[in-house]
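Chain residues, written in single-letter form:
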Amino acid sequence: MSDLQAQTDLFFVRRELATQEAPPAMTVGPAAWVKRNLFSTPGNSILTIIGIALIVLIVPPIINWAFINAVWTGTDRTACIAEGSGACWAFVKAEFAQFIYGRYPDAERWRVNVMFALLLLGLVPMSIPSAPFKRLNVLYLFIVFPVVSYYLLTGGFGLSVVETPLWGGLMLTVVVSYVGIVFSLPAGILLALGRRSAMPAVRFVCTAFIEIVRGIPLITVLFMSSVMLPLFLPQGVNFDKLLRALIGVALFASVYMAETVRGGMQAVPKGQYEGAKAVGLSYWPMMRLIILPQALKLVIPGIVGIFIALFKDTSLVYIIGLFDLLGIVRTNFADPNWASPETPATGLVFAAAVYWVFCFAMSRYSQYVERRLNTGRKR
Amino acid sequence: MSEMHATAAIAPDATATTRTKATTAVEMVGVNKWYGEFHVLRDINLKVLTGERIVVCGPSGSGKSTMIRCINRLEEHQKGQIIVEGTELTNDLKRIDEIRREVGMVFQHFNLFPHLTILQNLTLAPIWVRKMPKKKAEEVAMHYLKRVKIPEQANKFPGQLSGGQQQRVAIARALCMNPRIMLFDEPTSALDPEMIKEVLDVMVGLAEEGMTMICVTHEMGFARQVADRVIFMDAGQIIEQNEPHEFFTNPQHERTKLFLSQILK
Numbered sequence: 001m002s003d004l005q006a007q008t009d010l011f012f013v014r015r016e017l018a019t020q021e022a023p024p025a026m027t028v029g030p031a032a033w034v035k036r037n038l039f040s041t042p043g044n045s046i047l048t049i050i051g052i053a054l055i056v057l058i059v060p061p062i063i064n065w066a067f068i069n070a071v072w073t074g075t076d077r078t079a080c081i082a083e084g085s086g087a088c089w090a091f092v093k094a095e096f097a098q099f100i101y102g103r104y105p106d107a108e109r110w111r112v113n114v115m116f117a118l119l120l121l122g123l124v125p126m127s128i129p130s131a132p133f134k135r136l137n138v139l140y141l142f143i144v145f146p147v148v149s150y151y152l153l154t155g156g157f158g159l160s161v162v163e164t165p166l167w168g169g170l171m172l173t174v175v176v177s178y179v180g181i182v183f184s185l186p187a188g189i190l191l192a193l194g195r196r197s198a199m200p201a202v203r204f205v206c207t208a209f210i211e212i213v214r215g216i217p218l219i220t221v222l223f224m225s226s227v228m229l230p231l232f233l234p235q236g237v238n239f240d241k242l243l244r245a246l247i248g249v250a251l252f253a254s255v256y257m258a259e260t261v262r263g264g265m266q267a268v269p270k271g272q273y274e275g276a277k278a279v280g281l282s283y284w285p286m287m288r289l290i291i292l293p294q295a296l297k298l299v300i301p302g303i304v305g306i307f308i309a310l311f312k313d314t315s316l317v318y319i320i321g322l323f324d325l326l327g328i329v330r331t332n333f334a335d336p337n338w339a340s341p342e343t344p345a346t347g348l349v350f351a352a353a354v355y356w357v358f359c360f361a362m363s364r365y366s367q368y369v370e371r372r373l374n375t376g377r378k379r
Numbered sequence: 001m002s003e004m005h006a007t008a009a010i011a012p013d014a015t016a017t018t019r020t021k022a023t024t025a026v027e028m029v030g031v032n033k034w035y036g037e038f039h040v041l042r043d044i045n046l047k048v049l050t051g052e053r054i055v056v057c058g059p060s061g062s063g064k065s066t067m068i069r070c071i072n073r074l075e076e077h078q079k080g081q082i083i084v085e086g087t088e089l090t091n092d093l094k095r096i097d098e099i100r101r102e103v104g105m106v107f108q109h110f111n112l113f114p115h116l117t118i119l120q121n122l123t124l125a126p127i128w129v130r131k132m133p134k135k136k137a138e139e140v141a142m143h144y145l146k147r148v149k150i151p152e153q154a155n156k157f158p159g160q161l162s163g164g165q166q167q168r169v170a171i172a173r174a175l176c177m178n179p180r181i182m183l184f185d186e187p188t189s190a191l192d193p194e195m196i197k198e199v200l201d202v203m204v205g206l207a208e209e210g211m212t213m214i215c216v217t218h219e220m221g222f223a224r225q226v227a228d229r230v231i232f233m234d235a236g237q238i239i240e241q242n243e244p245h246e247f248f249t250n251p252q253h254e255r256t257k258l259f260l261s262q263i264l265k
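Respectively, the protein sequence lines represent chains A and B.
Reminder that position 50 of the first sequence reads as 50 in the working numbering, one-by-one numbering, no gaps.
Reminder that position 250 of the second sequence reads as 250 in the working numbering, one-by-one numbering, no gaps.
None of these hints come from the bench; they were simulated from the model.
Quick caveat, the model's predicted, so the values are computed rather than measured.
A hint or two may mislead.
Subject to a maximum C-alpha distance of 20 Å in a straight line, what follows is the list of computed SDA-like cross-link-like pairs (lysine to any residue) [to be verified]:
(1) A:K312 <-> A:F183
(2) B:K156 <-> A:I58
(3) B:K197 <-> B:V226
(4) B:K134 <-> B:K156
(5) A:K270 <-> B:L116
(6) A:K270 <-> B:S189
(7) B:K94 <-> A:K134
(8) B:K47 <-> B:L93
(9) B:K136 <-> B:L116
(10) A:K270 <-> B:H115
(11) B:K94 <-> A:W284
(12) A:K297 <-> B:L116
(13) B:K131 <-> B:R147
(14) B:K79 <-> B:E37
(15) A:K270 <-> B:N32
(16) B:K94 <-> A:M287
(17) B:K131 <-> A:K312
(18) A:K297 <-> B:H115
(19) A:K270 <-> B:K79
(20) A:K134 <-> A:T154
(21) A:K93 <-> A:V357
(22) B:K131 <-> B:R101
These stretches of chain B come out as covered by chain A in the derived footprint (C-beta under 8 Å, 3 or more residues) [what the hints assert, rightly or not]:
(23) 101 to 107
(24) 112 to 122
(25) 125 to 133
The beta carbon of each residue, even a glycine, is placed where N, CA and C say it ideally should be.
Please construct the entire structure, taking both the sequences and the accompanying hints into account.
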């Protein structure tokens, strides 16, 4: 004890303040950053060197192909078949309208443009938190816009009829994924509620539906809707092929949505259900006002993940003879006008870039929403 | 304080009887409940008069929380009758909702709605259940927030408040429905010691206004100060009940004596 006291200072008062000094060398600045992040250990140094080597190996050829050796102008394949030529962007340029509209008649393509414009008109104010009339906006996106677009695209308001087999390209991709998204969110929520219902019959039906559809690949669902469904329908009754694909995609997305939403509902503490019941809320108001707002907030990443997967999965409609963006790009590979060694790669890169822009936008927006909703409710 | 209770000791129910017209608020007759094989509530018989303040105590696992949660059907009983304000609790969802409207409840962990502001927490049920206009509901909410002394927190979220403040909001939320009975399920057990008093003060205020209250709590000071009756439970049964002075100074059952000797130092 006395030893310890001898070794420590019992009494201390600072007489003069310590001055502020510069940090030791190699702890700040770019050199320090490089050392800390790239060469902190021998293992990391090796990884860094391998990484740099890969970049050197891969990036220049890509840049060469996509930009430096690329063919930007031309009217047919002759421009792109020269030895050593890169991406055939002239092909994309020439077929661009087809990639967007499919075989939708030239004279009627303004209708598709109006549809895109109407979509933006709903999406932009929806995604700006401070924009007013959110309730009306939702109503517009979920009901008004789909109905108006339906008549606009198929014919109605005195417009000429455009058969759905003519639809294609990005427009078809947007139509299929939008219908899937708009249908799957409410349907998924209802299925999730059903699966957690206290009523055994409802619970059984919802659980069975979810498990059956979830156990089947989307391709199979689409195949069945296009090949098998007509077998069961009476003679003469012919379902539109696109409609069948839409139903398949929508049902498929709904069950995934249901499971995601159910996960969110399970993460809401039991006390929230009890608190809501104790103030006298009955089932539907409790779910709508207390449980679902919290549950959906928890699973935003999952929901957007489903939207992204859905957007990309729409390319599977190719299998039943509908030509979405990827499908229409692929049909052009065989076009004798443009057949060249670089045409398929160019077309696929273009399609990938378009998919990426859409999906990345959705992903970034979901991150933004998450950050925004997190403020003020940290517990 | 002891004098007041000394007079009441002569007839335990006399105070409640004279204060109101002795209508029954809650009546439990032969209530039994099982969790699977486990018999949690055994033959509970309890009659609570309007305006009475009941404190329920007992060791953990004794079924006291389960018992009061049966009163607003957060838990279902399997045998016996529970009659709340003249309505018997059955599987009829309409009736359950009716009863929940008249019975306020305060939980150990507050159970405020974290995605809503304090004001929205308070106005939600009046607007959606009582169909009160929003303006009126907000007036009522501010009235009760003032009463629990935190009107300045109205636009914050629950997560930004201290535990004591959250619990006071929870009490105000229940009061906004203008309930006839208030249930408290260990309202101070999850609070830091220095916040317990602010919550108890609000509860004492409520008791003094004649609210019918059933409180599961370990706050024996509170029981002494406001309870008309103290109920001691163990192993799912009511072991002993008495007016507080007698209960604390002259417990009859061995189990009660043991319990009291452990919590009253």
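Hints, one by one, checked against the model:
no.	hint	verdict
1	A:K312 <-> A:F183	holds (17 Å)
2	B:K156 <-> A:I58	violated (53 Å)
3	B:K197 <-> B:V226	holds (14 Å)
4	B:K134 <-> B:K156	holds (18 Å)
5	A:K270 <-> B:L116	holds (17 Å)
6	A:K270 <-> B:S189	holds (18 Å)
7	B:K94 <-> A:K134	violated (33 Å)
8	B:K47 <-> B:L93	violated (24 Å)
9	B:K136 <-> B:L116	holds (18 Å)
10	A:K270 <-> B:H115	holds (15 Å)
11	B:K94 <-> A:W284	holds (13 Å)
12	A:K297 <-> B:L116	holds (13 Å)
13	B:K131 <-> B:R147	violated (23 Å)
14	B:K79 <-> B:E37	holds (14 Å)
15	A:K270 <-> B:N32	violated (24 Å)
16	B:K94 <-> A:M287	holds (17 Å)
17	B:K131 <-> A:K312	violated (46 Å)
18	A:K297 <-> B:H115	holds (10 Å)
19	A:K270 <-> B:K79	violated (25 Å)
20	A:K134 <-> A:T154	violated (29 Å)
21	A:K93 <-> A:V357	holds (18 Å)
22	B:K131 <-> B:R101	holds (12 Å)
23	101 to 107	holds (count 5)
24	112 to 122	holds (count 4)
25	125 to 133	holds (count 3)
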